[in-house]
Amino acid sequence: MKNSSTDSIAPSDGISALHKGNALLYQLDEFMKPRIIAIVQKEFLHIIRDPRSLVIVFLMPIIMVLLYGYAITFDIKEIQLGILDENRTPASRELVQKLTSSNYFKIMADLQSRNEIEEGMLQRRFVAALVIPVDYAKKLKTEPQSQVQLIVDGANSNTATVAINYAKSFFMMYSLEMNTQILVPPLELQPRIWYNPDMKSAHFIVPGLVAVIMMLICTLLTSITITRERESGTMEQILVSPIRPYEIIFGKIAPYVILALIDAIIVVVCARIIFGVPFRGNPLLLLLFCVFYVYASLSLGVFISARVKTQQVAMILAQLTTTLPAIMLSGFIFPIISLPIVLQIISYLVPAKYFLTIIRGIMLKGIGFGYFHQPAIFLLAFGTVLLLASVNRFKTNLEG
Amino acid sequence: MENEFSVKVQELTRTFGDFVAVDHISFQVYKGEIFGFLGANGAGKTTTIKMLCGLLMPTSGTAYVSDFDIYKQTEEIKQNIGYMSQKFSLYEDLTVEENLEFYGGIYGLNNHELKIACSQAVHSTGLGDHLHKLTRDIPLGWKQRLALSCAIMHQPKILFLDEPTGGVDPISRRNFWSLIYDLADGGTTVFVTTHYMDEAEYCNRLSIMHDGKIIAIGSPRELKQSYQKESIEDVFIDLVKK
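Line by line, the protein sequences are chains A and B.
Just so you know, we're using numbering that gives the first Met the number 0 here: the first sequence kicks off at 0 and counts up by one.
Just so you know, we're using numbering that gives the first Met the number 0 here: the second sequence kicks off at 0 and counts up by one.
For reference, chain B alone in the conformation it holds in the complex (with noise of 0.2 Å):
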């Protein structure tokens, strides 16, 4: 029987000398779902997403994604995932098109993968009447959606969103978010990170991370009924005060 999950990860752990940033968290994603991560800067979040996305090594503790070992099968893992970080990582000197390509290119899509995936990311996010455009001559919002599109050149199956709205307007992040939901109706899993407590609200189902733990785990409606709250942020905050 195939595995139901995306992600699984036993006991993790990574630590910076005497610091812990991820300390022995345990949790599974399940295949097609948007899963969040709540917390605050420094919660950890980011160190567990480049964690599995083979960017850092654990300290201890196990992990799958995509049936994969994050210790010893890192290439067939990077094969598999899309990774965007909060940095936007584009070229601002390249073109939209340049960079769509360019990322595509380093999945070793060739012209015709690329042309088809060109013109999927245009169709939808609407970049076409930026495409010829200098990345660092469009606003923020579009670059946001570029940097989405590039992460997903090659189809992954599993996409790792680092705070992909930060510093974008509310509008913006709206889109994006239908972007997100696209992907997921698609069967791609979606795994993202957030301090936007209204963010938290649109995923399927949500961990909240405090000092390198999970405190609390579940979608976000059993999460506001367990603790009897209006909003989710009524809950991170009472759980993070205790």
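Only chain A is shown next, with the shape it has when bound in the complex (with noise of 0.2 Å):
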């Protein structure tokens, strides 16, 4: 070549630094060098090269620990009330001193009248009225009994419930206070929350997060990276070698098994310092659970890929099949329990529900491997038959 006499120089250098480089990678220089390892070393470049995986990676997982653990917050502290005593008199203004003295509602409003209990509400200043009626003192002294009413807005029905439920209370207590020869009930229930005493939503969420994040890393990363070299053109010339179909895809994910721990470890860190989420199982246990967890989510990116032409349906796809089942389908936020029949069937078919098990298990009680057996089994499993299923269609997918 005409330019070989010129460039001889630059080669040498280049090459020398390429091996000082990669020297500790590999001793077993003389040896052939098993092709997969030239498949993790790209991915990993691909992985550092691009910004938006590094965001998705790093990043992700802390904001949404942030996001969810202050956000999907079911302890509602205060309940936000308004007032509209018709009564006007001590005995009432003692309750209305009651009430604001409580620490479960925070009186937003004096209101006047009838119409500006809907107003206050429409404008969301309250949640809940309550109506001191003008014969309360009358009734209080004269009859057994005397009634005030709560109106509640029921547009969310969970702050309803609240409201009600600590509306009872608050009453029981204050009836108890009022008059102390009521006739105390027989029986009297003492409940006692064991795992998580103080009901602290984050405690039962935060652990969740880990099965919802890796399972996004796992598929949609791998679902991405494989499409990507069929659009490329790249997947192609990689087949032309003799490296093995199998060799290709675990080649492909191996590099985010790892991202993947890694962020289970982001996440578990993060709920512990922030959220104060106690550990009290064996992090190693979790590890192990998280591998089998890693595998199974690996498996349907893969499976996804190998079906799938493009990034863009790679990624929709992703996002429907692991995504969203992970979130709604796998007692993550919403109880299994509660759910229509038929997603209470789907719900067996998604992996997060079994790793949300074990790690709540492991996080919150503490409980040791024997309890995991149908979890961890099923994970194997699932991750099997997907990467089976895969490495056949893989290569008769290219043609056409």
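Since the hints were made in silico from the structure, they are not lab data.
Mixed in with the good hints there might be a few duds.
Said to hold, decoys possible - EDC-like cross-link-like pairs, simulated, lysine to aspartate or glutamate; straight-line CA separation at most 16 Å: (1) Lys-86/B to Glu-230/A; (2) Lys-97/A to Glu-77/A; (3) Lys-86/B to Glu-235/A.
Said to hold, decoys possible - Short derived list, chain B residues pointing at chain A, Cβ under 8 Å: (4) Cys-52; (5) Gly-53; (6) Glu-74; (7) Gln-78; (8) Ile-80; (9) Tyr-82; (10) Ser-84; (11) Lys-86; (12) Ser-88; (13) Glu-97; (14) Gly-104; (15) Ile-105; (16) Tyr-106; (17) Gly-107; (18) Ile-170; (19) Ser-171.
Stated by the list, open to error - Here chain B is said to cover these stretches of chain A; the calculated rule only asks that three of the stretch's residues, wherever they fall, bring their Cβ under 8 Å from a Cβ of chain B: (20) 234–242; (21) 274–280.
Glycine included, every Cβ here is placed at the ideal spot set by N, Cα and C.
Build the complex from these two chains, which are given one at a time in their own frames, with help from the hints.
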């Protein structure tokens, strides 16, 4: 070649730099290097060079932990209450005083008429209104029972239920306080809550996030990485080499296994530090089950990408088959038992459901391996079936 | 006695539904020659190459590549061939060197072999100045040479080039062809498809393909003589008109 003489200095520099950089990675220089290593190395380079995947891998878990941890909370500290006191007596003022000093309610408005109740609810100034009728004080003295009315905004059924329960227990206490002669019921229930005594939603939600985020990383990123190669034509170039389909698949998913495990650790550490979620079980046991779960999720991603031709379709399918079920049908937020029966049946096919049982069990209850036979077997079976189906499909899909 | 053919094809056919992409073609490629496949887009050149490289199963017919059966011995074939497509299948977000290493790596080259193959590639193509640049940042002509270098990292006996000069300027095309001559001088059999008439003239032997069939085969000189034309272009136009 014409240029060869002028360029003969540069190559040796490049080669020696390359050799130094890789010397640590493989000492077995003399032997044939496993081809799968080439795929793994290249895949890492893709991830490092692509800012978008870096954001997905490292920033998204933290953002999701903060969002879900703080935003999805079923703990309602104070119910915003409007009060319509039609009675205006020392007795009614005492009731209002008691309500104000309780931790259950926050008095938002002192209403003058019934019309203002609706107005206030429409403006969302309060979610419940207490009406103290004109004859409140009189009835207290003369009759066995006096009544007050609680009007609740049912648009948010969760808040409404909480408001009613708060009011019930408040008035129970207040009644006892006003008249110590009241007959004490012969049976008293004393509830005691285990594993999450303060009933903090974060303790319930945040461990579940590990399931959602790992699913997202594993399926979304892997399904994109394989379809991208098909679109750019590089997959064809790989397939004319002697490398085998399983080497391509395992080589491509290995980096994502590592990233998904790193994400699991990030989320668990955040849960511990930011939300004080306890970790009662064995971290290594959790890590082992994470590997099982990653295996199931990645297989789903590979399965999708072995079937579709473009990155867009792969992304949409990955979202539909992984993220949505992982959030809606896994018991992450909504208990499976309250789903319609058809969705309950479908939920048995959602890997996240099984992993959630495991991670909540390990983190909140500290239980050991013996309790998780079934979910573990399911995750492994799920992954194996899909992976075998994908390897077979892999080559034929390229034709045509 | 060792076979003198690198590629031997008999009645090879591939259909897609009702469409016959390759229609009972037969030809041989001698060891060490530059064998050209000339034809318009859609003539069946790419389909033929894909079948010979093991990317596509034939519908019927037989073919041997480097004495290996394309139905049963695809693994052996893959170890012995190189392939470069018109897409220049490179990773744009990897550097030139990383592309070379990757394509060597998937053939199982160890570090020592990789080092030698890289320096050979640099030596023959002059890619040295670009070694550490991202592939997306180098000009198209260089990408083409890089794609070729990637395809021959494992020193294949037969090199399949599917329209390797598409979209590249004439000077780059000329340089590229001198690389192909170097390879052929070194004993590599080169099987190249093209729709450029001037490139067809560079081949040792040439087959002209039209609508899935081979309608003429021979050296450029033989073809011009037997059809009594000045150039391959005229031969081609004359044949396709019929």
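Results of checking the hints against the structure:
1. For the hint linking Lys-86/B to Glu-230/A, the alpha-carbon distance of about 11 Å falls within 16 Å, and the restraint holds.
2. Using a Cα cut-off of 16 Å, the hinted pair Lys-97/A and Glu-77/A holds, with the two alpha carbons roughly 14 Å apart.
3. For the given pair, Lys-86/B sits about 10 Å from Glu-235/A by alpha-carbon distance, which is consistent with the 16 Å threshold.
4. Because the closest C-beta pair between Cys-52/B and chain A is about 5 Å apart, less than 8 Å, the hint holds.
5. The restraint placing Gly-53/B at the interface with chain A holds, with a minimum CB-CB distance near 7 Å, inside the 8 Å limit.
6. Hint on Glu-74/B holds. Least Cβ distance to chain A is approximately 6 Å, under the 8 Å limit.
7. The interface hint given for Gln-78/B holds, since its Cβ lies 5 Å from the closest Cβ of chain A, which is under the 8 Å cut-off.
8. With a least beta-carbon distance of about 7 Å to chain A, the hint placing Ile-80/B at the interface is held under the 8 Å criterion.
9. Interface restraint check for Tyr-82/B: the shortest CB-CB distance to chain A comes to about 4 Å, inside 8 Å, so the restraint holds.
10. Annotation: interface hint on Ser-84/B holds; nearest CB of chain A at approximately 6 Å, less than 8 Å.
11. Annotation: interface hint on Lys-86/B holds; nearest CB of chain A at approximately 4 Å, less than 8 Å.
12. At a threshold of 8 Å, the smallest CB-CB gap from Ser-88/B to chain A is about 4 Å, leaving the interface hint in force.
13. This hint holds: Glu-97/B has a C-beta 6 Å from the nearest C-beta of chain A, less than the 8 Å allowed.
14. Annotation: Gly-104/B was flagged as interfacial toward chain A, and the flag holds, the nearest CB pair being 3 Å apart, inside 8 Å.
15. Hint status for Ile-105/B relative to chain A: holds, with the closest Cβ pair at about 5 Å, below 8 Å.
16. Below 8 Å, beta-carbon pairs count as interface contacts, and Tyr-106/B has one with chain A at about 6 Å; its hint therefore holds.
17. Proximity of Gly-107/B to chain A holds as hinted, the smallest CB-CB distance being about 5 Å (cut-off 8 Å).
18. Among the interface hints, the one on Ile-170/B is violated; its C-beta lies about 11 Å from the nearest C-beta in chain A, farther than the 8 Å criterion.
19. Checking Ser-171/B against chain A by beta carbon gives a least distance of about 13 Å; that is not within 8 Å, so the hint is violated.
20. Here the region 234–242 of chain A counts 8 residues with a CB under 8 Å from a CB of chain B, which clears the bar of 3, and the coverage holds.
21. A count of 0 residues in the region 274–280 of chain A with a Cβ less than 8 Å from any Cβ of chain B is obtained; the coverage claim is therefore unmet, three being the minimum.
In this structure, the hints that do not hold are numbers 18, 19, 21, in rising order.
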